[in-house]
Amino acid sequence: MTRGAPTVGVVKFASCDGCQLSLLDLEDHLLEITGTFDIVEFAEATSRRSPGPYDVLLVEGSVSTEEQAAEILELRAQARTLVTIGACATAGGIQALRNWADHDEYRRAVYAHPEYVASLATSTPVSSHVRVDAELHGCPIDRGELLELLSALAVGRRPQIREDAVCLACKRRGVVCVTVARGIPCLGPVTNAGCGAICPAMDRGCYGCFGPRPEANMPSLTGSFLASGGTRADVARLFEGFTAYAEPFRTTVSDLRGRGPEEDADAQQ
Amino acid sequence: MSEAGQGHRYFLARHRLADLIDVLRGAGGRARTVIGPTVEQGAIVYAEIDTAADLPVGWRDEQAPGHYRLRREGDERAFAYAVGPTAWKRHLFPPARVRMEVAAEPGADGTRFEPTQPAASATVLLGARGCELAAMRVQDRVFRGGPYVDDHYADARDAAFVVAVQCTHPASTCFCTSMRSGPGVEAGYDLRLTEIADGFVVEAGTDAGGEVLVSLRLDPADEERAGEAHAAVAACAETVTHRNRGVDPIRARDLDMYPEHPRWDEVAARCLACTNCTMVCPTCFCSRDVQQSVLARPDGTVERQWDSCFTAEFAAVAGGSFRSRIRDRYRQWLTHKFSTWWPQFGTPGCVGCGRCIVWCPVEIDVREEIAAIGTSAPESDAQDGGERRGDVDLGPQALTTSPGGVPEPPPRTGTVERVTTETSDTVTLRVRTPPGLEAQPGQFVLAAVPRVGAPPISVSRLEPGTLELTVRSVGPATAALCRLGPGDPLGLAGAYGRGWPIEAARGNDVIVVAGGIGLAPLRPVIDAVLADRDSYGDVSVYVGARTPDDMIYSAEIGTWEQRRDVTAARIVDRAGPDWLGPVGVVTQLFADTAREAASTVAFVCGPERMMQASVDALVDSGMRAESIWLTTERHMECGVGLCGHCQLGPYFVCRDGPVFTAAELGPYLGVEGI
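If you read the sequences in order, they're chains C and E.
Read in order, the letters of the first sequence correspond to residues 1 to 269 in our numbering.
Read in order, the letters of the second sequence correspond to residues 270 to 943 in our numbering.
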């Protein structure tokens, strides 16, 4: 650790820890990372604890309980730069599918003693609760993007992470469009790049784990899927994944299903 | 057989295709990499070929808007397909390459910018079609036409041995006959193949191609085979022309005259802005420069990557995107391909290969869009009326490029001598000019901070040995510039662009109108005019700013106000506590003064709306648009006309501007989304 190095915290809410592990997955760079930043809070890696303040706070996971909803407010106050990492933190995660369902019914179906489970009716992204300075998308995040974020913070450049469609990375990589050449529905045109087009390169359609692009043209793409013979339920299923609760996937799913999700937790507060 | 074989037709029996590939791989004693068609991922793509068995023998393609399928015919034919998703640009202008290595180490020479040197290996491009050779000629003009050239592209192009294959099996999406690019191949090949029933008719187009034929010891093609080859290509042309929908390239050239046609909204509702059309297009050349470095390491690279005019950040500057809507971007792409490419490069940017139609996931067909906009446009919509198009020869001769120009130069390292704080977010850096850097008033430099970025900054003062840059902190790269202190190094590339015509203004009355930081590029004009005051008539300087605190060079404006031989005035949108001057818009300062059209020159810079209002006011006061000079802002990435970002109608702002006359910019100034 360098004296005066920026302090970094890594915290989590409702999530699987996979995104945090992407940081440990940067094996070749770990010593450099700890030489560049002072990691003061990272339960997966160190027993050091710090309540803040943090120069950079990486937040994994969605807000799924009342305690988390309170804690994120406190963490925001302690963080100079707050970056959400992964589909749970940026979009509510796969657990946000409960936002369209009966929460109590889900609890009863999953837990032997649902009365011990104190969860909110909705799973929501961190940005529904506090201001977020930057987001790393994906389930899990791409470790190359994480390294770029840290590198950009280290030298003071804008992170070279763009609002591109998966298609741009897919074509640069030389992958043949799976929709055009094989008729496979692919969410690439409406999904954020960042993964390197892993799924199309493996002969399958993108399932949107990096979340919707800000300018996703949903009516056109869903219209095309429906015109290709998919039922409304089939098309809804395509979007009902890790980022279903992020707009405009959320509205698309609701429209196709004919029912909307529960309101945001922040609206309930 | 004859010595070099050029101009003669030979017969390559089908079973000897393997010999051809062997000779190509090793011809002339040098090992060449053969890139050719092969079946991969459900399509015929271009990849490295080892043997004839790698070719798509017996395969056929079926192509339609948004649709591509292969099927096995089971015959012996190796080239019985139309172009697939790969364009040869992948090998000549790769999707990503390191353009420059940079370093930010301590010490006098610690800041470095080293361009990477081209080192293309000998490559055979096997199976290039007529439209694809036309596309190479189009990109030759972009990358080799000058004044700055992409030396990596040029090197790769020179190292390529081209084996062209004439088309005999077109797709429904082909419209090469419209764009005069195929199906035959007329120029630009070393060898030309035409597939017939029992093999190939082969011709050499160069001595290198002739050598290959000599070493194969081929017999001349007999009349029957030569006739079969000719008939196959002619039949293909007939099919493309009469079965397929086409495009009239001369009519399509007028697309940019209808920027408000309702069809743009209709196609934008379908367009995903996914960039697929631009990625598969064999002529699309836009790129972005990506800063790369790891953590706190002092070294890094700048990687040039394929970009697309459909991305959100393509036309973005600090204040937002000039093309924020998909409609704006689709219109930019289509009008660039078919209209504005002409004044830029002398040809259309489309070769009729149909890739953008096939690989559009939502089946947008440019042929339909052009027909809808070009034939249904009401006359009154036309932005510049009248016949502006002469007869145009689209043949291969017309497309031949004349290589010229110098490689894009890297930044040179200069040293900050002094930093002056102008406003809360703006500083002026006085920089010792690195050797070899020459600048004119109105030009800009790319001010490079290693690992961070290289934003374009106008030169705000020129003195022997130094130049000044006035920088407003609007993002991380400009913030890094604003953090520099005396003695710090920074990179300077340029100076680039067309500057102010100060010499030509001698003998005239001079009006300078500035808005906000727009005064920065105008200050060298004022310096030059005041240094040679007697050569000019009346001199007026009008400066507007949002508030008194946002006014740069405030003390200097005071000295102009003091002079008897200068009329100077300033105005603010909102007053501050000590402001006693006028409040309002800058045009208030000069709108009521009548001007002599023949002997007045105006220089204007500021926000686009302010410039538009100033032009209107100056024209109303008697000036001619040809005598009003403006400097424009667009997203500039490379500074030398190669990256495509800064287009404004037919112009590359970096190369053709940034200084333009109001007459030149007239149709584009203030048009949303251009």
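Read the hints as simulated data drawn from the structure, not as lab findings.
Mixed in with the good hints there might be a few duds.
Stated by the list, open to error - Pairwise CB distance ranges (calculated):
hint : chain 1 : residue 1 : chain 2 : residue 2 : range
1    : E       : His-284   : C       : Arg-158   : 54 to 64 Å
2    : C       : Glu-27    : E       : Arg-878   : 27 to 37 Å
3    : E       : Asp-517   : C       : Arg-173   : 32 to 42 Å
4    : E       : Val-367   : C       : Gly-260   : 43 to 53 Å
5    : C       : Gly-35    : E       : Val-743   : 26 to 36 Å
6    : E       : Asp-467   : C       : Glu-27    : 41 to 51 Å
Backbone N, C-alpha and C define an ideal beta-carbon position, used for all residues, glycine too.
- Could you check the structure against the hints above and give me the numbers of any it violates, in ascending order? Per hint list: 2, 6 violated.
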